[in-house]
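**Q** On the provided structure of chain A, position chain B as indicated by the hints.
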Amino acid sequence: MPTLLERQRDMRDWVLATAGTPPLPNAGLHRDNTLGGLAAVLAAGFPVTHRLVGEACFIGLAQAYVRHEPPHEAPLLRYGTGFPAWLRGQEVARQLPYLADVARLEAAWTHAYHATEAAPLDAGALATLGDAVEDAVWRLHPSHRFVTSPWPVDRVWRANQPDAGDATVDLDTEGDTHLLVVRPAAEVLLIRLGPGAFALLMALGAGLPLGSAWDNALALDAGFNLEHELTGLLAAQVFTGVELP
Amino acid sequence: MGITGIGLKARHTAELLARRPSLRFLEVHAENYMSAGGPAHRWLTALREAYPVSIHGVGLSLGGAEPLDADHLADLAALVDRYQPELVSEHLAWCRIDGTYLNDLLPIPYTDASLSLVADHIDQTQTALRRRILVENPSSYTAFPESDWDEAAFLAELARRTGCGILLDVNNIHVSAHNVGLDARAYLAALPAGAVGEIHVAGHEPVEHDGRAVLLDTHGAPVTAAVWDLYRQALTRFGPIPTLVERDANIPPLAELLAEAATADGIAEVLPGKDGAHAHAA
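Residue numbers (our numbering), protein chains in the order written: chain A, 1 to 245; chain B, 1 to 282.
Same shape as in the complex, but just chain A:
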């Protein structure tokens, strides 16, 4: 008789294979359960990608991805972080060239949704800095992710929400997208940034003080208005602290 370890390896090999002889009667039920369950997890995590390609195509892609990269941990909240990069290499991504970037946005959304909580920047802390504000390091909310794409992936995302109606997206003129994905409170925010604001936040996210980050923004966008951008970002509560290095 096989050992327990051999039994379990045989079952794993069978469940993840596309052919072969079942190691036990009804083992096919476990294959269906595992692949179906994990495909459903991916469908829940990538609902817009799912909608863009349709149910049958998505399930085929998801099951192929599960076989390629099965989960390595029992919590499935983060399962599929490698799915967008894998998707880029599939035939369907040649037909829908924005698809993998939409999936990347969905992965960033999921990250922000489950990320750690942090209190927003206190306006009083900012006031006490006075003129030293440019020397200060501004901490971005720990849930944040940046997503860039030559395609208007945020507009595609919004147009494919359950309550979106019949919006259309012009893929040719609305591209070159820079996004901040962040969850300061209960809701995940997708904030579209101009190139200057994007450069500013990338620099702040890397730990540069505000003055240097401002220079980065101006280098990309000579008309960049720091006060205007910071007012909007502070209102959205994307910062959690300011401190002098």
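No wet-lab data here; the hints were simulated from the structure. Think of the CB as a built atom: it goes at the ideal place given N, C-alpha and C, for glycine as much as any other residue. Hints should not be assumed to be uniformly reliable.
[Unchecked claim] Label-pair ranges, simulated between beta-carbon atoms:
(1) Arg19(B) to Leu244(A): 24 to 32 Å
(2) His228(A) to Gly220(B): 48 to 56 Å
(3) Glu269(B) to Thr3(A): 17 to 25 Å
(4) Thr3(A) to Gly220(B): 33 to 41 Å
(5) Asp215(A) to Glu49(B): 48 to 56 Å
[What the hints assert, rightly or not] Straight-line distance between alpha carbons at most 20 Å, and here's what the computed SDA-like set of lysine to any residue pairs gives:
(6) Lys9(B) to Glu55(A)
(7) Lys9(B) to Phe58(A)
(8) Lys9(B) to Pro150(A)
(9) Lys9(B) to Tyr113(A)
(10) Lys9(B) to Pro52(B)
(11) Lys9(B) to Glu187(A)
[Stated by the list, open to error] If you want the footprint, here are the derived chain A segments under chain B, 3+ residues with CB under 8 Å:
(12) 28-39
(13) 58-72
**A** Leaving out everything else, chain B in the frame of chain A:
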């Protein structure tokens, strides 16, 4: 207050917070809360004020041939610390091998070697959590030729060796009885009366697989009359044990789940008491 709880589902959260229906407890899957933050933690923190919590793990792989995942066990311990649940449970099954996690509760053969291994894993878990856990009987679709224990005796021996309790899923007994020929009545009789700490009732679906009729444990349909009948027998033997109406697929409106919970409470209310008299309805 009855004896029945329901699983906490995101779509029911707002209604539960607003209406606070009478429920014995809310049950959550441990793995769905193994994140640093997020709305799910906010909801559970709020509901924790109104209801006792039961944490039901599906991913520890107590029956796995490899050592328990130390990170997973630490995450489970942190979750138990954070929410102070009344009940903590896991499964007599495996789901992880060589670092690959299969999203299923896979069966193990019931041998002496399996018994020692699972008992060690339960000991390790109870030590890490600093409390007793309940271990749930699986739904079976196949029997292993090398098994030399029957499942109920295997569970009873695990409880004796480790001090763990048993989470008795009567739907799983019903499904297994059909699929692999268990005797449901003998199963209940073989479990020690004091060991059962929670009961699950759930729905299943008949399917055909490889030309055979199989009952599939889907948690996706209402509880059947046969399962309610087995539930009545279980309560008669084990007493008014906290019971979960378990629904994980085709989630109905909250009112339908509450109605199923009321059915379970109704069965508990008319059981013969210890002195032979009928217990009073609350």
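**Q** Would you mind marking each hint as holding or not holding in the structure?
**A** Do the hints match the structure? See the list:
1. Arg19(B) to Leu244(A): 24 to 32 Å: Since the Cβ atoms of Arg19(B) and Leu244(A) sit about 50 Å apart, the hinted range of 24 to 32 Å is violated.
2. His228(A) to Gly220(B): 48 to 56 Å: At 52 Å between Cβs, range holds.
3. Glu269(B) to Thr3(A): 17 to 25 Å: violated (49 Å)
4. Thr3(A) to Gly220(B): 33 to 41 Å: holds (35 Å)
5. Asp215(A) to Glu49(B): 48 to 56 Å: This hint holds: roughly 50 Å between Cβ atoms.
6. Lys9(B) to Glu55(A): violated (24 Å)
7. Lys9(B) to Phe58(A): It is violated: about 25 Å lies between the C-alpha atoms, which goes past 20 Å.
8. Lys9(B) to Pro150(A): violated (38 Å)
9. Lys9(B) to Tyr113(A): holds (17 Å)
10. Lys9(B) to Pro52(B): holds (15 Å)
11. Lys9(B) to Glu187(A): holds (18 Å)
12. 28-39: Since three or more residues must qualify, the claim that chain B covers the segment 28-39 of chain A holds, with 7 doing so at under 8 Å.
13. 58-72: Result for this restraint: holds, n = 3.
Violated hints, in rising order: 1, 3, 6, 7 and 8; the structure is consistent with all others.
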